[in-house]
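J.: As you go down the protein sequences, you meet chains L and P in turn.
Following our numbering, the numbering of the first sequence begins with 1 at its first residue and continues without gaps.
Following our numbering, the numbering of the second sequence begins with 1 at its first residue and continues without gaps.
Watch out, some of these pointers could steer you wrong.
Which copy is meant is left open, because identical chains are indistinguishable; a pair holds if it fits in one copy or across any two.
[Claimed, not checked] With a Cα cut of at most 20 Å, we get these calculated SDA-like pairs of lysine to any residue:
1. Lys-151 to Pro-176
2. Lys-24 to Asn-108
3. Lys-169 to Ile-95
4. Lys-10 to Tyr-46
5. Lys-52 to Ser-119
Hint data in this document are derived by calculation from the structure and do not stem from the laboratory.
This one's a predicted model, so the numbers in the text were calculated from it and none came from an experiment.
There are 2 protein chains.
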Amino acid sequence: MARILSGNRKQFIIEEAGQLFREKGYTAASMRDLAERVGVEAASLYNHIKSKDELLREICFRVAHEYVSHLSQTEQMEATYAEKVRALLRMHIAIITHDISAVSVANNEWKHLPEPYLSEFTHIRRDYERRFAALIQKGIEAGEFRPVNPKIALFTLLAAVRWVEIWYKPGREISPQTLERDIETILIHGLTQATAP
Amino acid sequence: MARILSGNRKQFIIEEAGQLFREKGYTAASMRDLAERVGVEAASLYNHIKSKDELLREICFRVAHEYVSHLSQTEQMEATYAEKVRALLRMHIAIITHDISAVSVANNEWKHLPEPYLSEFTHIRRDYERRFAALIQKGIEAGEFRPVNPKIALFTLLAAVRWVEIWYKPGREISPQTLERDIETILIHGLTQATAP
Chain L
1 MARILSGNRK
11 QFIIEEAGQL
21 FREKGYTAAS
31 MRDLAERVGV
41 EAASLYNHIK
51 SKDELLREIC
61 FRVAHEYVSH
71 LSQTEQMEAT
81 YAEKVRALLR
91 MHIAIITHDI
101 SAVSVANNEW
111 KHLPEPYLSE
121 FTHIRRDYER
131 RFAALIQKGI
141 EAGEFRPVNP
151 KIALFTLLAA
161 VRWVEIWYKP
171 GREISPQTLE
181 RDIETILIHG
191 LTQATAP
Chain P
1 MARILSGNRK
11 QFIIEEAGQL
21 FREKGYTAAS
31 MRDLAERVGV
41 EAASLYNHIK
51 SKDELLREIC
61 FRVAHEYVSH
71 LSQTEQMEAT
81 YAEKVRALLR
91 MHIAIITHDI
101 SAVSVANNEW
111 KHLPEPYLSE
121 FTHIRRDYER
131 RFAALIQKGI
141 EAGEFRPVNP
151 KIALFTLLAA
161 VRWVEIWYKP
171 GREISPQTLE
181 RDIETILIHG
191 LTQATAP
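Chain L on its own, in the form it takes in the complex (with noise of 0.2 Å):
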């Protein structure tokens, strides 16, 4: 039961830590800053934590993980390539509108990480680029896809889900729903060959 607590308080701990990070940045955010959020003395936050690099490692990792973990469901799947890329596009969205803070701080802060965590995150990161843009280089092989460079694709892509994060805010007049709904219909007839009449 107690470890059940102390590892809901850090996860607590954790989610504050993400919103201070966005707000202030990393650099610039304290401990004393992040006890002040919490509401304790920035001394007992080191029950839970060990430094505020094990804030960042933690959640930049946890981020990551899931982008991996969802894309190697996706790539299980048995469907056509447009309806694995769609998939990708909603989780993208799904877990910025859900968790904006965590995936702000992955996207903007991951240069603080210490090595040799930062070697291993942006390992991370290029093998989920390079396996994202496989999966439109077999949609093109497949004649699924229009013929592009799948360089070009993913990054149109992910730059436009990437906006999501820098722009979004919960309780602006676009609803999660609007956005996943246009930008994958943008996205996905500008990827997708239109089928033969």
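The hints should help you fit chain P onto chain L, whose structure is shown.
T.: Relative to chain L, chain P alone:
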């Protein structure tokens, strides 16, 4: 003659400032750094420009006016909405690949403009986005474009071309022509309704 040379000199200083601000960030870059790049004493820079602020202003507003003047021309074109949007995408990619430092500074460092320039710059940007979104809206009403939210469409396009600024390096394996062709292919097909067979 002396005035022309002086004009060229100022232009050269502004170009070097663009590269410096892009590499180091506006805040971290000093007039001493700039003097070193230009190959003169820091004091003699002030024969050409008044302050670091002035350089930032020159860069940001030159880029902004370039975008706006192309948009005005595009609005006046006798063409379909798809052709207009295609022209704007090409313009974005051309400006970025020809003048990447200035675009990068205008995209990333404009927040450091002092007032009243900051408000003026923000106003120009918003106006640009509003007019671009209006073109998309009209294309939807004309039945040329798919019925998506024009703001989502606008930011999907802008995110894709903006990414070029972050990613493009002259001499990389992908040429500006391929970039332009493939980004256009995806985004224009993404926006445009398939014509009835």
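J.: Please list, smallest to largest, the hint numbers that this structure does not respect.
T.: none
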